[in-house]
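Student: Residue-level listing of the chains:
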Amino acid sequence: MATLCQGLGVVIPLSSSNSSNFRLPSRRSISAWKDGIFVVRSDARVSQVLKTGGPNHELLIPNAVATKGGSSVASTSKPGHELLLFEALREGLEEEMERDPCVCVMGEDVGHYGGSYKVTKGLATKFGDLRVLDTPIAENSFTGMGIGAAMTGLRPVVEGMNMGFLLLAFNQISNNCGMLHYTSGGQFKIPIVIRGPGGVGRQLGAEHSQRLESYFQSIPGIQMVACSTPYNAKGLMKAAIRSENPVILFEHVLLYNLKERIPDEEYVLSLEEAEMVRPGEHVTILTYSRMRYHVMQAAKTLVNKGYDPEVIDIRSLKPFDLYTIGNSVKKTHRVLIVEECMRTGGIGASLTAAITENFHDYLDAPIVCLSSQDVPTPYAGTLEEWTVVQPAQIVTAVEQLCQ
Amino acid sequence: MALSRIASSSSSINLLKPLSCLSIRCRSISTDPLTVETSLPFVPHNCEAPSRAVETSAAELSSFFRDMAVMRRMEIAADSLYKAKLIRGFCHLYDGQEAVAVGMEAAITRKDCIITAYRDHCTFLSRGGTLIEVFSELMGRRDGCSKGKGGSMHFYRKEGGFFGGHGIVGAQVPLGCGLAFAQKYCKDETVTFSLYGDGAANQGQLFEALNISALWDLPSILVCENNHYGMGTAEWRAAKSPAYYKRGDYVPGLKVDGMDALAVKQACKFAKEFSLKNGPIILEMDTYRYHGHSMSDPGSTYRTRDEISGVRQERDPIERVRKLLLTHDIATEKELKDIEKEVRKEVDDAIAKAKESQMPEPSDLFTNVYVKGFGVEACGADRKEVRATLP
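Quick mapping for you: the protein sequence lines, in order, are chains L and H. Counting with our numbering, you get residues 1 to 403 for the letters of the first sequence. Counting with our numbering, you get residues 1001 to 1391 for the letters of the second sequence.
Just chain L, same shape as in the assembly:
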């Protein structure tokens, strides 16, 4: 399922792993929109900048396109190595910790135990107990501690054992993490990464199946990304650690064992970019995290029925990549959003509003948003299945949308 290769982009290996000061030579702006929407790409540190082609971008993968295996690029580039998603996260984390001594990890059971999902396994032996810190079960204070450490220049990666536990640290995340850069007039940067698994798992119960992206999305000052494949997990982890802004990285409990072949060379993805999973013509399906797989499964059925859906994994939950999404809407004129968030006030709701505001003229039909039901996730297996969006519902929605 998760076979990816870079269709259009070029992978350039890192020249010197010690240099920490990449700078883009020039500002590149992409204009030529007649209709009032245009995107300005501003100069920034190289690790976050996206450029299409050109010899100067050190290690950015532009326009990662997922195509079926067997494309020419895959056979000419290095074979890479196969690993599971949690191992990809660990690889990204380990590489960043080696590169920059200020990067440290803190969370419950991350050190000696190796992480409840094995993301930090082996890191404590390698980097020591101070850099991979086992905290007591006190989310409010260790998140606050991470933020305080970030104010002085450290780059902590705070792990919430389950995203839902971070609700206890909501005050720290909202008020301190998101706002300190603003209320201090730019004096303090908070280069923290807050990560953890969320989403509906296999009968974990209501409290352990929460989707916090909907609660955090309106906090100004933070960025949110959701990974869905080993390839983008590693890239986003590295990008998040290198970012000067606070980033919340949403992982999913059920995706940790996905296997994929990823490049051997170092790569960093852009935090604000969406991923084109499957180009198409008839309808734009926007999704993220686990729902991507439900959508791809539905896509198989849809292709058999003669539809050509364009599937985009939005990856960046805050801010939305309106550039990629806009292009797609202009092409297909129909949008279906498939998400795991609740119907009320979820990511889909915001995305619907953003698309309607910006691309209203291009829509031939109202945007359809498929989200989870507005209920606490029940324990019973069948009920839990009905809470989240299933491929069959996606197929029905596309059929109705494309009438």
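Honestly, I wouldn't trust all of these hints.
[As the list claims (entries may be wrong)] Listing some non-contacts, in silico: residues in chain L with all C-beta distances to chain H over 12 Å:
no., residue
1, E91
2, K189
3, D364
[Unchecked claim] What the simulated footprint calls covered on chain L by chain H, stretch by stretch (three residues with Cβ under 8 Å from a Cβ of chain H suffice, anywhere in the stretch; the number is not a length):
no., region
4, 143–152
5, 217–228
6, 341–351
No lab work stands behind these hints, which were simulated from the structure alone. Where a beta carbon is used, it is the ideal one built from N, C-alpha and C, also for glycine.
Using the hints provided, position chain H relative to the given structure of chain L.
Tutor: Below, chain H alone, put in the same frame as chain L:
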């Protein structure tokens, strides 16, 4: 610019200079050591109390007097500005508690970190802030320390090691733990003072932070500024055990007379040495605030005016230092009165300067949300043209 004119014309007042750079005129003040006894003994918990004899000097005492006078004058001026509606929102005044800020600063370096809650105007000053920055920020002007975007509760000074300025009660203590963690991580040999009030002492995150600091021996000093009232509720009505210095249980504590700047200095010095070796320690500063919790609180509904004036007569920190200066013959009555007049003028000039400062530009609304180059920037109220700025 007008500022430089004032700086050069006025012989002794330099509005841009931070505190403690100026000394009493007409007499060279000696820096010879002078030993003064604190008026009250320290009360220890699980540790040895430091000695009551404090090493100081005439110069230091003079600087204490001047700094506290500036702080007092600044807070009273802020009171008038608030009533004149030039300062809006919340304004929490520190008058009465100046000794804590001044004494702490005397014991530490700028590399040590201080983090406090919303009663932060004076601590900001002691960490190198200027009066103009204070008043500009209070009035929401661009020259404020947070460019007008923070307000009274969000004063920060990175170069001075002052980490704010926090509105939510108790939330700054885990941040302070983080500062201490970073200091330990980078092997800085410096400490962090996390200040909180007797009201915040009942927050759960404090105990979480204590546990964490003790577990990893972080150089974290938790300072409870006990002014006996948590907003409008007296401490005996909010806390089962108002012995805040003992609340750490396994973490040692020290109770200090917070109205005595020298006692505060001694305690902070002791705490710094202690903490670098042994991890966290709690200092309880027994202090008092003359104003209410904030400007919207008259301060007299939950305590009597007699109590307030009683403390003012018997324990006022500035009066205490004044008496010391007079008894040790460091300054005369007249000199001290002159200083107070100077200070008053300095503050008034700073207010006048700050009033002239501009309001922030509308585009400042969007600056510093993210570190430059990131995030989406929507422009224009009509939103017809949306610019999504991707880096």
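Student: Compare the structure with each hint and give your call.
Tutor: Structure-based check of each hint:
no.: 1; hint: E91; verdict: holds (23 Å)
no.: 2; hint: K189; verdict: violated (5 Å)
no.: 3; hint: D364; verdict: holds (21 Å)
no.: 4; hint: 143–152; verdict: holds (count 10)
no.: 5; hint: 217–228; verdict: holds (count 3)
no.: 6; hint: 341–351; verdict: violated (count 0)
Checked against the numbered hints listed earlier, the structure breaks hints 2 and 6; every other hint is satisfied.
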